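Number of protein chains: 2
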Amino acid sequence: MRNILLIEDDISLAKSLSGFLQSEGFSVAHALGMTDGIELFEKENFECVLLDLSLDDGNGFSICSRIKSQSDTPVIFLTASADETCTVMGFEVGADDYIGKPFRPRELVARIKNAIRKHASQPLLQCSNVIIDTSRGVCRKNNSEIFLSALEYRLLVLFFTNKGILLSREKIMDELWTFSGEFVGDSTLNVYIKRLRDKIEDDPANPQILKTVRGLGYKAVDE
Amino acid sequence: MRNILLIEDDISLAKSLSGFLQSEGFSVAHALGMTDGIELFEKENFECVLLDLSLDDGNGFSICSRIKSQSDTPVIFLTASADETCTVMGFEVGADDYIGKPFRPRELVARIKNAIRKHASQPLLQCSNVIIDTSRGVCRKNNSEIFLSALEYRLLVLFFTNKGILLSREKIMDELWTFSGEFVGDSTLNVYIKRLRDKIEDDPANPQILKTVRGLGYKAVDE
DNA sequence: TTCAAATATTACAAAATTGTAATGAAAAAG
DNA sequence: CTTTTTCATTACAATTTTGTAATATTTGAA
Numbered sequence: 001m002r003n004i005l006l007i008e009d010d011i012s013l014a015k016s017l018s019g020f021l022q023s024e025g026f027s028v029a030h031a032l033g034m035t036d037g038i039e040l041f042e043k044e045n046f047e048c049v050l051l052d053l054s055l056d057d058g059n060g061f062s063i064c065s066r067i068k069s070q071s072d073t074p075v076i077f078l079t080a081s082a083d084e085t086c087t088v089m090g091f092e093v094g095a096d097d098y099i100g101k102p103f104r105p106r107e108l109v110a111r112i113k114n115a116i117r118k119h120a121s122q123p124l125l126q127c128s129n130v131i132i133d134t135s136r137g138v139c140r141k142n143n144s145e146i147f148l149s150a151l152e153y154r155l156l157v158l159f160f161t162n163k164g165i166l167l168s169r170e171k172i173m174d175e176l177w178t179f180s181g182e183f184v185g186d187s188t189l190n191v192y193i194k195r196l197r198d199k200i201e202d203d204p205a206n207p208q209i210l211k212t213v214r215g216l217g218y219k220a221v222d223e
Numbered sequence: 001m002r003n004i005l006l007i008e009d010d011i012s013l014a015k016s017l018s019g020f021l022q023s024e025g026f027s028v029a030h031a032l033g034m035t036d037g038i039e040l041f042e043k044e045n046f047e048c049v050l051l052d053l054s055l056d057d058g059n060g061f062s063i064c065s066r067i068k069s070q071s072d073t074p075v076i077f078l079t080a081s082a083d084e085t086c087t088v089m090g091f092e093v094g095a096d097d098y099i100g101k102p103f104r105p106r107e108l109v110a111r112i113k114n115a116i117r118k119h120a121s122q123p124l125l126q127c128s129n130v131i132i133d134t135s136r137g138v139c140r141k142n143n144s145e146i147f148l149s150a151l152e153y154r155l156l157v158l159f160f161t162n163k164g165i166l167l168s169r170e171k172i173m174d175e176l177w178t179f180s181g182e183f184v185g186d187s188t189l190n191v192y193i194k195r196l197r198d199k200i201e202d203d204p205a206n207p208q209i210l211k212t213v214r215g216l217g218y219k220a221v222d223e
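Keeping their order, the protein sequence lines are chains E and H. So in my numbering, spot 164 of the first sequence is number 164, and the numbers just go up one at a time. So in my numbering, spot 183 of the second sequence is number 183, and the numbers just go up one at a time.
Simulated from the structure, these hints should not be mistaken for lab results. Mixed in with the good hints there might be a few duds.
Identical copies go unnamed one by one, so any copy, or any two together, can satisfy a pair.
Within a straight-line C-alpha distance of at most 25 Å, the following computed SDA-like cross-link-like pairs (lysine to any residue) qualify [claimed, not checked]: (1) Lys43 / Met173; (2) Lys113 / Gly25; (3) Lys118 / Arg106; (4) Lys194 / Arg154; (5) Lys163 / Phe61; (6) Lys68 / Asp133; (7) Lys141 / Val221; (8) Lys199 / Arg140; (9) Lys68 / Lys211; (10) Lys163 / Val88; (11) Lys171 / Thr73.
Computed from a predicted model, the values in this text were never measured in an experiment.
Taking the hints into account, I'd like the entire structure generated from these sequences.
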């Protein structure tokens, strides 16, 4: 936990920095340049990346876009050049923060924590082993993606945002099939429930997530 | 759109600041102190709050916690005192960023945009007259619903959560077409862009939302 | 200007989604 | 136990989505 990747080619600075961060309760992995930085990043799981802008062997900006292209992990630029253009560029390649030297240690920690906290508050809807990442519009089960059609997705989101709450058939039909004044038969819902169960339940015949409440409706439960 | 609340008791500073921000495309509401600041905040809808730490009539910190207790709107402290303890305190009461004077205008804008973008984890993603309600998985244009297919939806969410940021073709392809190890041709993206434009743009031939950045990729822009 | 590269547009077939209806199974009521 | 109701399951046709290829257009560079 609180694993941080520091990419910094100034060895003495890196040493003192990681020493300090460790004393603050972080665990720090250190990479000297672009190549091992990316390699490390792809191998381990980090909660935050501290990135020196001016590396010898590559451009800090490109490392940042590289990282951001494959994950949401917060990236904070650390840099001597407090140059405004660089700062702006840093944010444009997706950085979460940009800190000029000299670093003030407690502020640095505060900014790292801030970035991690913001990142942690992702809008994830979870129910048992099924997760909807509404910030991407994706559903996963045990970390592998499940492809849901547009309406299946909406239906599941409806259930997950009302976890534990009973939804009447009427309410569900209203919520999903009232975008065009079309009439949709009642049995449609039965079929959608079945299709969802087939996709998300471990044993669709014994649903543990989408429960039937006979005569009343359905609800999603956790455990 | 891009409505900002500035709480600042130094009138001349407030004037020049809001002038500049307006020239950058923000619309700025100005409050002189705590009382009208809170009042304005509760009345209107803002995408970001700029908060002077040292107000006469109240403590900037308490305004911040007040705001954060009732919403997720990003709060950025603007302050003369670059004092480290204050900075740390600012983050502790939930601020999203903390900028010391003197402000560098483009950096300020970059940080504001960054805060707003990060806040995109909120349920409503908006770009011009198109809104995605991620808490329901629906897209609306001028308040009437637009039916997007699963992949179109994901693509648009990707753009809207990165509003103003350039997305390379590679990054987009990675994000959308890497769920099954299938290869998907490069031209697919062109077609999806067209389909989205046909659905969301007022004049699909002159896209105002999904902009092409030739040779680099695409980005969603607001106005 | 001319050319080459990048993007836009169109058309199309394979595949998936969508809604319905018919049938089957389970639960509650009599 | 039988009946009725409710939900589950299946199968199916109409429609939509999806990815591709082929063509047109635009853009920037030579």
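*Of the numbered hints stated previously, which ones are contradicted by the structure, given in increasing order?*
Failing hints: none at all.
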